[in-house]
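Trainee: For the protein sequence lines, the chains are U and S, in the order given.
Here the numbering used here is used: position 60 in the first sequence is 60, and no number is missing along the way.
Here the numbering used here is used: position 137 in the second sequence is 1137, and no number is missing along the way.
Treat the hints as calculated values from the structure; they're not laboratory data.
Using N, Cα and C, we set each Cβ at its ideal position, and we do this for glycine too.
Just so you know, not all the hints are guaranteed correct.
Some chain S residues well away from chain U (every beta-carbon gap over 12 Å; in silico) [claimed, not checked]: (1) Gly1013; (2) Gly1048; (3) Asp1065; (4) Pro1067; (5) Ile1084; (6) Asp1119; (7) Lys1166; (8) Lys1216; (9) Lys1253.
Keeping only pairs whose Cα atoms sit at most 30 Å apart, straight-line, the calculated DSS-like set for lysine-lysine is [what the hints assert, rightly or not]: (10) U:Lys153 / S:Lys1306; (11) U:Lys21 / U:Lys226; (12) U:Lys228 / S:Lys1306.
One-letter residues, chain by chain:
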Amino acid sequence: MKVLVSVKRVPDPDVKARLKKDKSGVDTENLKFVINPFDEIAVEEGLRIKEKHGGEVVVVSIGGKESTEQLRTALAMGADRAILVLSEVPLDSYNVALVFSKVYEMEKPDLILMGKQAVDDDSNQAAQMLAELLKIPQATFAYRINFSQDLKKAEVIREVDGGLETVEVELPAVITADLRLNEPRYASLPGIMKAKSKPLKEISLQELGIGVRPRIEIVELDEPPKRKGGRKVESVDELVDKLHNEAKVI
Amino acid sequence: MGVIAVLGEHKGGKLIKAVFSAVSAGKILSEKTGKELVGVVFGKDVKGVAQEMVEYGLKKVYYLDHPLLKDYTAEGYSSAIEQIDKSIGIDYFIASATTTGKDLLPRLAAKLDAGMASDICEVVSENSFKRYIYAGSIIATVKVNSPKIILSIRATAFPKAEKAGKGEVVDFKVEVEGFKKRYVKMEEAKSERPELPEAEIVVSGGRGVKSAENFKEYIEKLADAIGAAVGASRAAVDSGFCPNDWQVGQTGKIVAPNLYIAIGISGAIQHLAGMKDSKVIVAINKDPEAPIFEVADYGLVADLFKVVPELREKLAKLKAEG
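Given only the sequences and the hints, what does the whole structure look like? Please build it.
Mentor: Next up, the structure:
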């Protein structure tokens, strides 16, 4: 099975994002960058599918040359090939979906795996848009993925409000990874060495025939007001008293 | 001129409460644009749901009864909405950012060739909206550059619409073809507890709770003693203490109850993103440096295994006394 997996470069999610002084953008100086955590889960799932059913894992990123770092990490985890679609400007979800639809046409994978959302812009849109552009089924928020014997269908258990929902999709399909799908592996040292010689192809948006017209534009950025907290109580009795008599919430 | 359409998501024959927040957002847009506000309800035998929805100040509620729409799929719903659009013209489509809204709306946006803003918390103008990015650390005003606009809304950021006049319900006939997806089943986590996004009180546990058994004994028992919903941090879900459906935060549910009790939760950015709009926040953690204390109105530095049973007993007593 040939699996295409998205890999987005995002600032370390464990560090609180701050704005530049002039509020023109996020201050990324001194920030470490990582693979979007949900994409990392998608890469891991792609690798497990390959290990079980054979095939190939192709990782795809959109961005500047610096995204090579995250693609190499995915190659070090075990992906076979990487494609970097060069774009100097960040694309909105629709244009990301458009890029992936072109890569899909080039690669003709059996399955596209993406993270359920990127933890920088938190849009949670590209995968569903891609499925529609390609007119193929989608299964978002995957908790488990199992394939039929002939590998023509996938049964996906989804994390939904109120519990777990099971759907069956014909392949090719777009599936997005949720938190509990798997625990991504670390790249091994031999993996890291091997990754250096694995193919990484760069393509421009022009070569894909995409002229970007953004549908969403950021017009202003701000930091939300800080919540004032920090008061301490000394005992359960004091806490209960405050909740009852001061905050009056119980 | 097209309409502003709001999805009437329903469960067990009734609208879910988040719909009323989406209707409020629709009303704000209707005032700004002069466009008509309508509802859309899908499923099987859903006329009653449409009748419920139309009492909240909507001009019309279209209901679509079709066997292929009985169980939700993005493929089926979006194709049905496209047909409504062709018939009456939809300029805005709004739904609450539930898992259904999150799954459906981007597909719909691509189908209708529309731009979409996710999880908005404010309507600034007819085409600009505020939304949080970077796990709530930054608030962005985004402009949507397309004739049609799709919006998922953060239910906690909009008031619940009140009953206001009654429009008409319209039986809308759709043609739905089969699609390459089949609904198999839903495993519902049965619970007598209030729903997490709607609860007045939420008791949440984190990594500090240490095990699934402790989670039951300390977090769930406290919640049940005071009629609260149960929440969890991503770390607790990741560690297998509880289901993902209970996750509060950037990639889980957004809540804003009157009282949020965070137990054994350090307060990672991702968690704060889902609960910092709560009215009163209580934090119980043995690490005095835990970032959760910075947002807590009342912080108790203590071993949760010692203080939670005492807290449960005393809050339950208070509750019983009324």
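Trainee: Now tell me if each hint is right for this structure.
Mentor: Here is how each hint holds up against the structure:
no., hint, in the structure
1, Gly1013, "holds (15 Å)"
2, Gly1048, "holds (20 Å)"
3, Asp1065, "holds (22 Å)"
4, Pro1067, "holds (17 Å)"
5, Ile1084, "holds (17 Å)"
6, Asp1119, "violated (7 Å)"
7, Lys1166, "holds (29 Å)"
8, Lys1216, "holds (18 Å)"
9, Lys1253, "violated (8 Å)"
10, U:Lys153 / S:Lys1306, "violated (51 Å)"
11, U:Lys21 / U:Lys226, "holds (17 Å)"
12, U:Lys228 / S:Lys1306, "holds (27 Å)"
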